[in-house]
Amino acid sequence: MSSSTATSAAVPTGSTSLSLQRSRRTDWLVFLVVMATFALVPPLLGGFALYIATIVAIFAIAALGLQIMVGLAGQLSLGHAAFLGVGAYTSVLLQKLYGVPFLAAVAIATLASALVGLLMGQLVRLSGIYFKIATFGFGIIVYQLLSNWSSVTGGHTGLIGIPPIRILGTVFRDRLSMFIIAMIYLAVTYALLLRLTHGRAGRAFRALGQNEAAAQSIGIPAASYKMAVIAIGCGAAGLAGTLLPHVYNFLNPEEFTWLQSLVLLIIITVGGLGSLPGAIVGAVVLVVVPEYLRAFQEYKMLAYGVLLIVSMIFMPRGIAGIVQGLVTRIRGRHAPAETPS
Amino acid sequence: MTNTILATEKLTRSFGGLVAVDDVTFAVERGSIHGLIGPNGAGKTTAFNLISGLIAPSSGRVLFDGRDITSLPAHARVATGICRTFQTPQLFEDMTALETVMTGCHVKGRIGIAGGMFKFAAKSREEAAIESKSMGLLAEIGLADHADVQARNLSYGQRRSLEIARALAAEPSVILFDEVTAGLNPVETDFIANLIRRLRDTGRTIVLVEHDMRFVMGLSDRVTVLNFGRLLAEGTPAEILSNEQVIEAYLGRPKEKVRG
Numbered sequence: 011m012s013s014s015t016a017t018s019a020a021v022p023t024g025s026t027s028l029s030l031q032r033s034r035r036t037d038w039l040v041f042l043v044v045m046a047t048f049a050l051v052p053p054l055l056g057g058f059a060l061y062i063a064t065i066v067a068i069f070a071i072a073a074l075g076l077q078i079m080v081g082l083a084g085q086l087s088l089g090h091a092a093f094l095g096v097g098a099y100t101s102v103l104l105q106k107l108y109g110v111p112f113l114a115a116v117a118i119a120t121l122a123s124a125l126v127g128l129l130m131g132q133l134v135r136l137s138g139i140y141f142k143i144a145t146f147g148f149g150i151i152v153y154q155l156l157s158n159w160s161s162v163t164g165g166h167t168g169l170i171g172i173p174p175i176r177i178l179g180t181v182f183r184d185r186l187s188m189f190i191i192a193m194i195y196l197a198v199t200y201a202l203l204l205r206l207t208h209g210r211a212g213r214a215f216r217a218l219g220q221n222e223a224a225a226q227s228i229g230i231p232a233a234s235y236k237m238a239v240i241a242i243g244c245g246a247a248g249l250a251g252t253l254l255p256h257v258y259n260f261l262n263p264e265e266f267t268w269l270q271s272l273v274l275l276i277i278i279t280v281g282g283l284g285s286l287p288g289a290i291v292g293a294v295v296l297v298v299v300p301e302y303l304r305a306f307q308e309y310k311m312l313a314y315g316v317l318l319i320v321s322m323i324f325m326p327r328g329i330a331g332i333v334q335g336l337v338t339r340i341r342g343r344h345a346p347a348e349t350p351s
Numbered sequence: 262m263t264n265t266i267l268a269t270e271k272l273t274r275s276f277g278g279l280v281a282v283d284d285v286t287f288a289v290e291r292g293s294i295h296g297l298i299g300p301n302g303a304g305k306t307t308a309f310n311l312i313s314g315l316i317a318p319s320s321g322r323v324l325f326d327g328r329d330i331t332s333l334p335a336h337a338r339v340a341t342g343i344c345r346t347f348q349t350p351q352l353f354e355d356m357t358a359l360e361t362v363m364t365g366c367h368v369k370g371r372i373g374i375a376g377g378m379f380k381f382a383a384k385s386r387e388e389a390a391i392e393s394k395s396m397g398l399l400a401e402i403g404l405a406d407h408a409d410v411q412a413r414n415l416s417y418g419q420r421r422s423l424e425i426a427r428a429l430a431a432e433p434s435v436i437l438f439d440e441v442t443a444g445l446n447p448v449e450t451d452f453i454a455n456l457i458r459r460l461r462d463t464g465r466t467i468v469l470v471e472h473d474m475r476f477v478m479g480l481s482d483r484v485t486v487l488n489f490g491r492l493l494a495e496g497t498p499a500e501i502l503s504n505e506q507v508i509e510a511y512l513g514r515p516k517e518k519v520r521g
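Chains as they are written, first to last, in my numbering: chain A, 11 to 351; chain B, 262 to 521.
Hints in this document: simulated from the structure, not taken from any laboratory. Cβ coordinates follow ideal geometry from the N, Cα and C atoms, glycine included. Mixed in with the good hints there might be a few duds.
What the hints assert, rightly or not - In the DSBU-like style, the derived pairs of lysine-lysine whose C-alpha atoms are separated by at most 35 Å in a straight line are:
| no. | chain 1 | residue 1 | chain 2 | residue 2 |
| --- | --- | --- | --- | --- |
| 1 | A | K106 | A | K310 |
| 2 | B | K369 | B | K380 |
| 3 | B | K380 | B | K394 |
| 4 | B | K380 | B | K271 |
| 5 | B | K380 | A | K142 |
| 6 | B | K394 | B | K369 |
| 7 | B | K369 | A | K142 |
| 8 | B | K271 | A | K142 |
| 9 | B | K369 | B | K384 |
Unchecked claim - Covered stretches of chain A, as calculated for chain B (at least 3 residues, CB under 8 Å):
| no. | region |
| --- | --- |
| 10 | 56 to 66 |
| 11 | 226 to 232 |
| 12 | 325 to 339 |
Stated by the list, open to error - Chain A side only, calculated, beta carbon under 7 Å to chain B, not exhaustive:
| no. | residue |
| --- | --- |
| 13 | L103 |
| 14 | G138 |
| 15 | R185 |
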C-alpha cells in the first residue's frame, strides 16, 4: 500500500497506478523474452528445429487472433481452422493463377479471411450457444467447399507446385528464410495485438467477454465490437494460413478440419485463456510435442483430450496462469528489496 | 417545461398478458433527485429498463432533453448522457477496480481499434488522461487504495461503489440508480446518500428506484409512485407520505375493526 510514495513526486498524486504501468511493462518484457527465445533457440538447434519453429509460429499467429476473439471477448469459434484455409487457398490461388506478388496476395488473403469472418458473423447473428454451434457448421462448410470444388482447389488431392515466396524479386525457399519470415509475421501480429489490448478497444473487448449487459450499460456497442473481434480473429488465422502452403510445399484440405479447430482451442486453453504469450506457449506445446511423439500418432487425439481435461482441472488459467502465480510468489518474497526500474 | 431533462410519455410495456408498465407519463426535472417507488411488482425496474433502453416499449415514448430516444439502443443512450447501475452490481470480474472505471470512460474516448494498434502519441495521451480521471473517480468513491484489486475480490459495498464510479466515468447528465442501497449497511448507505447529494449539487440529475423509504424520502426532491404498472401519485416526499392512495397501496386498506 506504500507503493506510490517513492515516485509520486514526478506525477500528481493519485493520477496514475504504478501496477497498471508495471503490468504493461511486464507484457512488453514478456514479448521481448518470447521473441528472443524464438530468434535464438531454433537457429542454434538448426535444421529440423527451424522447420518446426516455423510451424509453431504459424499456429501461434492463428492462436493469438483466437485468443483475442475467445479468451478476451468471449466469442467462441469452433471452426477457426477454416479461416486458416481461406487464407492459405486465397493466397496460393492468387499467386498461382493470377501471378499476384506474394506480399499483395498475403494482404488480400488476410483481408478476405476477415471478410469471410464478418460474413459468418452477419449470417449467424446469433448469440451464446447458437453462435458457437453455427461457427462449427461454418467450419465444416468451408472444409467441404475446399474438398469438393476440385476444379479450383484441387479437391482432396490438394494443390502442388506452390510458387516460392518472392519479395521484391528475391526468392526465399530455404528453411532459414521461411523461419525468418514467419518470425516477422509473428512479431508484428503479437506486437499489434498487445498494443490493442493495452487500450480502449482492448478494454471494450474484455468488458464484452466478461459481462455483455454491463458493457452495453456503459455505452459499448456490443454488436459492432463483436463483429470487429471476429474480423480480427479470422484475419489473424488467414494471415497465418498464407504461410502454411509455402512451408509444406503443398496444400490440401485435411489441414483445415474441425480437429484442427479443436487443436487451436486447446492451444489457447492450455496456454491460458486471455493471455497472448499463453497462446504462443500453447502453440509450442501442441506443435512440438506431437512431432517428437510420432510413434504414438494414433493416440494423438486421445492425448489432446487428456491434456485439455487435465489442464482445465489443474491449471484453469493455463501455463500463463502458473507462470504468473510463480512470479507473484517470488516477487512477494523479495518485496522489500524491490526497486522501481 | 424546458427544465425537464427526462420524460416518459404514455410508456407501456407488456410481457405476454401482463402489463408491467401501463401508460406511464412522468417528467424528471434537470438537476433534481427523483425517486421512483412502488410496492413489489409495481413495474419500477421495467420502467428503468425502458428508460435505459435495455428493453423496448410496447408503446409510448422516452424523451431526453426534448429529443425522442425511444428507438436508440442502450449503448447509444449512454453517449447522449444517460447511464445506469443495476440492482445487483454487474461488474467485469477479472478487471481491477482501476481498469473497470477506465472501461467506463469508453464513450468519452476516441482511440478505436486501428488507433489502438497504430497510434502512439495520441494513444498514450488519451490513456494517461483516462487513467488519471479514473483514479480521481476511485478516490471520490473511496476506493483509491483498492485500484489494483480485482473486482471479484471486492466486498459487496465496494462492488456497489465501483459500479457507481464506472457509471460516473461516462460523465452522464442523468444517472439511474436501481436499488442502490440494497444489501448495504447504514454507514455505506449514508455514504451513498451523501455522494448522490454531491452529484446533484454538481448539476447532475439522479433517478432512484428504491425500496428503502427512509432513504428515498430523505433524498428525493420529487417522488413518482407506481402501482401495478400504473402511475399512482407524484409529488414532493411530504405530499407522497400523506397521500392516502399511496399509504393504501403500501399498507392495504384500513379495516373498520381489526378484531371482533
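These are the hints, each one checked on the structure:
no., hint, verdict
1, K106(A) / K310(A), "holds (34 Å)"
2, K369(B) / K380(B), "holds (17 Å)"
3, K380(B) / K394(B), "holds (21 Å)"
4, K380(B) / K271(B), "violated (48 Å)"
5, K380(B) / K142(A), "holds (33 Å)"
6, K394(B) / K369(B), "holds (11 Å)"
7, K369(B) / K142(A), "holds (32 Å)"
8, K271(B) / K142(A), "violated (40 Å)"
9, K369(B) / K384(B), "holds (13 Å)"
10, 56 to 66, "violated (count 0)"
11, 226 to 232, "holds (count 7)"
12, 325 to 339, "violated (count 0)"
13, L103, "violated (28 Å)"
14, G138, "violated (17 Å)"
15, R185, "violated (31 Å)"
This entry does not satisfy hints 4, 8, 10, 12, 13, 14 and 15, going by the numbered hints stated previously.
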